[in-house]
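Asks: Next come the chains, spelled out residue by residue.
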Amino acid sequence: MRLNAGQDMAAGLIFLAAGVAGFLLCLDLPMGAGARMGPGYMPRALSLGLAGLGAVITARALLFGGTPLPRLAWRPLGLVLASILCFAALLKVAGLVPTVVVAVLVATLAAPDRRWVESIAFAAVLAVFCVAVFIHGLGLVIPIWPEF
Amino acid sequence: MDLLANLALGIGVAFTPANLGFCLAGALLGTLIGVLPGLGPVATVALLLPITFTLPPLGALIMLAGIYYGAQYGGSTSAILVNLPGESSSVITCLDGYQMARQGRAGQALAISAIGSFFAGTVMTLAIALFGPLLTALAKQFGSAEYFALMTLGLVATIVLASGSVLKAVAMIVLGLLLGMVGTDVNSGAQRFTFGLPELSDGIGFVPLAMGLFGLSEVIYNLERPERRDVLTAKLTGLMPSWRDLKACFPPILRGTAIGGVLGVLPGGGAVLSSFAAYTIEKRIARDPSRFGRGAIEGVAAPEAANNAGAQASFIPLLTLGIPANPVMALMVGAMMIQGIAPGPQVMSTQPELFWGMIASMWAGNLMLIVINLPMIGLWVRLLRVPYRLLFPAILTFCAIGVYSLNNSLFEVALMALFGLLGYVFLKLECEPAPLLLGFVLGPMMEENLRRALLLSRGDPMVFAQRPISAGLLALAAVILVVAVLPAIRRKRDDVFVE
Numbered sequence: 001m002r003l004n005a006g007q008d009m010a011a012g013l014i015f016l017a018a019g020v021a022g023f024l025l026c027l028d029l030p031m032g033a034g035a036r037m038g039p040g041y042m043p044r045a046l047s048l049g050l051a052g053l054g055a056v057i058t059a060r061a062l063l064f065g066g067t068p069l070p071r072l073a074w075r076p077l078g079l080v081l082a083s084i085l086c087f088a089a090l091l092k093v094a095g096l097v098p099t100v101v102v103a104v105l106v107a108t109l110a111a112p113d114r115r116w117v118e119s120i121a122f123a124a125v126l127a128v129f130c131v132a133v134f135i136h137g138l139g140l141v142i143p144i145w146p147e148f
Numbered sequence: 149m150d151l152l153a154n155l156a157l158g159i160g161v162a163f164t165p166a167n168l169g170f171c172l173a174g175a176l177l178g179t180l181i182g183v184l185p186g187l188g189p190v191a192t193v194a195l196l197l198p199i200t201f202t203l204p205p206l207g208a209l210i211m212l213a214g215i216y217y218g219a220q221y222g223g224s225t226s227a228i229l230v231n232l233p234g235e236s237s238s239v240i241t242c243l244d245g246y247q248m249a250r251q252g253r254a255g256q257a258l259a260i261s262a263i264g265s266f267f268a269g270t271v272m273t274l275a276i277a278l279f280g281p282l283l284t285a286l287a288k289q290f291g292s293a294e295y296f297a298l299m300t301l302g303l304v305a306t307i308v309l310a311s312g313s314v315l316k317a318v319a320m321i322v323l324g325l326l327l328g329m330v331g332t333d334v335n336s337g338a339q340r341f342t343f344g345l346p347e348l349s350d351g352i353g354f355v356p357l358a359m360g361l362f363g364l365s366e367v368i369y370n371l372e373r374p375e376r377r378d379v380l381t382a383k384l385t386g387l388m389p390s391w392r393d394l395k396a397c398f399p400p401i402l403r404g405t406a407i408g409g410v411l412g413v414l415p416g417g418g419a420v421l422s423s424f425a426a427y428t429i430e431k432r433i434a435r436d437p438s439r440f441g442r443g444a445i446e447g448v449a450a451p452e453a454a455n456n457a458g459a460q461a462s463f464i465p466l467l468t469l470g471i472p473a474n475p476v477m478a479l480m481v482g483a484m485m486i487q488g489i490a491p492g493p494q495v496m497s498t499q500p501e502l503f504w505g506m507i508a509s510m511w512a513g514n515l516m517l518i519v520i521n522l523p524m525i526g527l528w529v530r531l532l533r534v535p536y537r538l539l540f541p542a543i544l545t546f547c548a549i550g551v552y553s554l555n556n557s558l559f560e561v562a563l564m565a566l567f568g569l570l571g572y573v574f575l576k577l578e579c580e581p582a583p584l585l586l587g588f589v590l591g592p593m594m595e596e597n598l599r600r601a602l603l604l605s606r607g608d609p610m611v612f613a614q615r616p617i618s619a620g621l622l623a624l625a626a627v628i629l630v631v632a633v634l635p636a637i638r639r640k641r642d643d644v645f646v647e
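Respectively, the protein sequence lines represent chains X and G.
Here the first sequence stands for residues 1 to 148, where the numbers follow the working numbering.
Here the second sequence stands for residues 149 to 647, where the numbers follow the working numbering.
No lab work stands behind these hints: they were computed from the structure.
Distance windows between CB atoms, simulated:
#1 X:Leu62 <-> G:Leu286: 45 to 53 Å
#2 G:Met524 <-> X:Ile120: 27 to 35 Å
#3 X:Leu24 <-> G:Asp608: 26 to 34 Å
Backbone N, C-alpha and C define an ideal beta-carbon position, used for all residues, glycine too.
Could you put the whole structure together from the sequences, leaning on the hints where they help?
Replies: Written out as structure tokens, the structure is:
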């Protein structure tokens with residue numbers, strides 16, 4: 001196995017896995033016949049196609065090599081996703097203001113040149129702005145503060 | 149004159165204070181977000197989509213169109229002032245635009261780019277008004293087989309546009325089509341890939357998918373690269389290009405408009421291809437090609453005209469056939485559906501005010517870009533100085549609130565995070581997300597048309613070959629696919645993307 005083929009091989013394996021998973025997941029959907037396509041017809045055809053393409057991409061990567069697997073930047077990746085998930089987890093419990101502040105501060109951890117004082121002030125300003133625009137301006141029904 | 153009557157109708161609808169206001173707000177907001185480095189038109193439109201949902205349908209579409217032009221123009225602004233292309237279609241503008249800026253001619257570069265865009269926009273507005281009805285008449289003869297063939301052609305064309313491996317682009321399309329299958333099957337009511345989650349029974353939300361793939365993944369990608377921004381500190385001296393500049397730019401603007409108009413109509417074409425092609429042609433026919441890349445004003449004028457013409461021409465397949473030619477148009481389809489409008493040829497006859505109003509507003513939008521942008525350049529420059537460490541948490545917050553506000557669903561916010569992860573991984577693996585988005589939007593439509601075509605032909609797949617229009621479209625798709633795979637063309641295509 002050539003390690004420098006990592007990039008295409010990873011892509012190929014993802015497609016292959018998605019295709020196989022898709023195929024297995026729609027096995028119990030009726031196929032139907034050509035004239036009367038059932039709900040399983042397209043998903044099955046597409047899953048097979050995707051798995052096939054994934055296999056070809058993987059095979060080509062193994063045979064011909066290619067770009068090595070790039071490094072993932074785990075820190076920004078994890079923190080950006082964590083910021084969004086914090087938002088999803090907190091909004092209904094804590095209300096908009098605390099949620100925005102937490103989401104902003106979690107995201108700020110991902111900035112290499114972060115300055116806490118500045119970011120905390122900014123988070124507060126942004127929270128006020130969001131309340132003004134989204135709750136008072138656009139009329140979204142979101143609690144502003146947590147209910148006790 | 150039908151054309152004049154139609155345009156008059158459109159102007160009557162679009163030039164009401166409210167709709168002009170939506171147009172202005174769209175153009176302003178689009179520029180505001182588009183100017184921020186690292187946010188292209190797709191991300192900008194996806195980001196701002198939720199604020200249009202509360203508007204009436206025409207107002208929402210006018211605003212979205214305004215956002216699109218604004219984002220495009222904002223991208224050019226950051227390309228010229230900071231040498232940071234906000235999006236792929238302004239990569240080309242960086243070449244000569246930034247050089248002009250370094251020579252103290254940033255004002256002229258921005259002005260000529262606005263003038264070129266406005267000229268191209270005016271011509272394309274007329275072209276849409278002229279050709280729209282013709283194409284719509286043609287589209288009315290389309291049956292399911294033709295629609296299926298046309299969408300196939302559209303998907304194949306995105307492969308040519310996507311940079312990098314053809315195989316990976318095809319796989320991304322198929323994955324997109326497959327993601328489009330998630331939810332309740334319209335014909336049988338069967339649940340597909342829903343894992344028993346009620347949130348998925350209506351399918352994967354379009355906005356969380358688009359925002360995750362294009363917005364979040366961009367933010368993560370930008371964070372991992374050290375920031376390099378050299379905002380021009382020199383004062384902008386003079387805005388208006390000299391008479392000599394204008395005279396030199398007129399032919400390139402004309403050529404750029406023509407190229408953009410033709411390439412933009414093609415499914416999968418649009419702004420990026422147009423600006424690349426226009427620049428290449430100008431460089432080739434120039435008397436002194438060595439000036440290009442060193443601040444030649446023609447090198448700004450032609451691609452800017454071309455990308456605006458292309459952006460606007462891509463509305464033609466959307467408005468007449470209901471088929472999105474590029475990811476931004478796919479977002480427009482999503483917006484139209486949320487407004488309860490099924491995009492397609494029937495829009496023009498059943499809702500003429502909507503169709504013509506939108507066309508008239510395109511012209512208004514282009515005019516506003518000139519009027520608002522040139523005096524506001526100072527503001528954009530200041531905005532460009534806002535450090536990314538403050539910018540991106542704000543972007544993330546707006547994404548999250550925007551997605552949540554659609555259906556009051558926190559599930560969709562989490563779904564956006566998932567697609568952000570997916571988008572970032574694909575970015576790292578050099579799999580372009582645009583074909584996936586197009587496949588996702590077209591998937592359900594394609595399945596429906598395939599099903600209907602096969603039902604009518606009693607299961608005979610030859611129906612696609614026997615009907616001339618469908619056969620022609622499929623043949624064209626096959627040719628494009630073969631050509632894209634051919635090594636010689638591939639190398640040329642790569643050149644264009646590398647240049």
